[in-house]
Structures are given as structure tokens and as C-alpha cells.
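So you can see what is in the structure, the chains are spelled out below.
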Amino acid sequence: GAVVSQHPSRVICKSGTSVKIECRSLDFQATTMFWYRQFPKQSLMLMATSNEGSKATYEQGVEKDKFLINHASLTLSTLTVTSAHPEDSSFYICSADETGGTEAFFGQGTRLTVV
Amino acid sequence: DAKTTQPPSMDCAEGRAANLPCNHSTISGNEYVYWYRQIHSQGPQYIIHGLKNNETNEMASLIITEDRKSSTLILPHATLRDTAVYYCIVRALRGTYKYIFGTGTRLKVLA
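Residue numbers (the numbering used here), protein chains in the order written: chain X, 1 to 115; chain W, 1 to 111.
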């Protein structure tokens, strides 16, 4: 099946700094990508929908100025957690639909720890 | 909010069939039923999806009731590697593409 790659898989950063997470579709083009966060023992919570060449659509309660999303090409979306705080520590996961395809493919996730 | 409800946990003996139920009583006519699973600390893995007919692939079978208000994912011969959280999701292929995850079923396969 199609492959979605996230980088990095783990990151530790200091409180107040920014962290960028990349999501790449390796063998297909993705007009739309999605970003999720997951706390321990909880389900995935959709944060935003990333559309190539346009602004991301954020879910209610997600701060767009804190979680900056850029979808500059059909194979790359980035999530930047700005001014990170310990409560932003979580598992961040992206997914992508192949244009014209029927199922989404998920990245392996990025575990962010803010100290 | 998620449009599906699933039992929080299930156990299954290794080698036996695992039958995971899902209720989606408010499913719309253009929405498909998708199943994904998530093994600890990994991204979700696609299993199968269907609209109204039963579907089978190399991983599992999907049985959708005639009224489409519920479905069952069947793992025919569960192995220890099938221990995971299984999510049932309804999603349209046009318009709103979003996957909204419910709480899922934590399946534990016992040796």
C-alpha cells in the first residue's frame, strides 16, 4: 500500500521553543492531509485538515496560531508547534488520501516531549 | 463527534476468529464503513472498508447489516500480533473527507 512518512519519530524540546514535524507521501500525491494528536490511552483527535496551496482548516478548539500548518506541495505537509509547553507533549499523527483514492494512509507518528 | 460506538475491550484466544462489532445507526447513504487498527505507539493501519456489501481481503472480512446500521469486522484466525485497538469509522468519499475516531475496541489476543 501507499506510504506516509513522518519525521522526526521522536523529539524532545525545551519549553518555549518551536518544533516542526514533517509528513510526506512517498509514492503518491495528496491534495489533502490531516493532522491528529493522541494523548496516552485516548483516541486520535483531529486537529486540522491541510489542503495543498491553501490555508488549513482547524477543528474547533485548536489554536491556529499555535499549530501552524503548511502544505506547500502535493507530497509534503508540515506542522509547527510554536512556543511549546509541557501540555503540548503528545503523539502527533498525520494521514494522507491519495488523490482519487478511497482510503487514508497514516504516518508512524511523532512523539513530542516538551521539558 | 464520532458516529460509531464499539465495545471498549475484547479478548480472543489465539487461532480463533475475532468478531469485533460496531454500531453506526446514523450512517448516511453515501458514507462508507472503514476499519483501522493501531498497535501501540504506531500510526493506524488500514484494514478494510465497505459500503453495503460484505467485503473480504487478506487481512479480514467485513460484514455490514442490510440496514447498514451496524457491522462486524472478522479476523478469521487471530494471532498475538493482532493485539491492538480497532477503530470503526464512517466516512463519505465526497465532500467531508475527515476521519473522526471514536474510542475503539482494545482487542487482546491470548496465547
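Everything labelled a hint here was simulated from the structure, so no lab data went into it. Watch out, some of these pointers could steer you wrong.
[Stated by the list, open to error] Below, a sample of chain X positions facing chain W; criterion: calculated Cβ distance under 8 Å:
id	residue
1	8
2	12
3	13
4	15
5	28
6	102
7	107
[What the hints assert, rightly or not] DSS-like, lysine-lysine: derived pairs with alpha carbons at most 30 Å apart:
id	chain 1	residue 1	chain 2	residue 2
8	W	69	X	41
9	W	108	W	52
10	W	98	X	66
Here the structure is a predicted model, which is why all the values come from computation and not from measurement. From the three backbone atoms N, C-alpha and C, an ideal C-beta is built for every residue, glycine too.
Hint check:
1. 8: At 14 Å from the nearest chain W Cβ, residue 8 of chain X fails the 8 Å test, so the hint is violated.
2. 12: violated, 16 Å
3. 13: With a minimum Cβ separation of about 19 Å from chain W (threshold 8 Å), the hint on residue 13 of chain X is violated.
4. 15: violated, 23 Å
5. 28: Not OK, violated: residue 28 of chain X not within 8 Å of chain W, min 14 Å.
6. 102: Since chain W brings a Cβ to about 6 Å from residue 102 of chain X, closer than 8 Å, the hint holds.
7. 107: Holds. Min distance 5 Å.
8. W:69 <-> X:41: Holds, at roughly 27 Å.
9. W:108 <-> W:52: Status holds; Cα separation ~28 Å.
10. W:98 <-> X:66: holds, 21 Å
In summary, the numbered hints that this structure violates are 1, 2, 3, 4 and 5.
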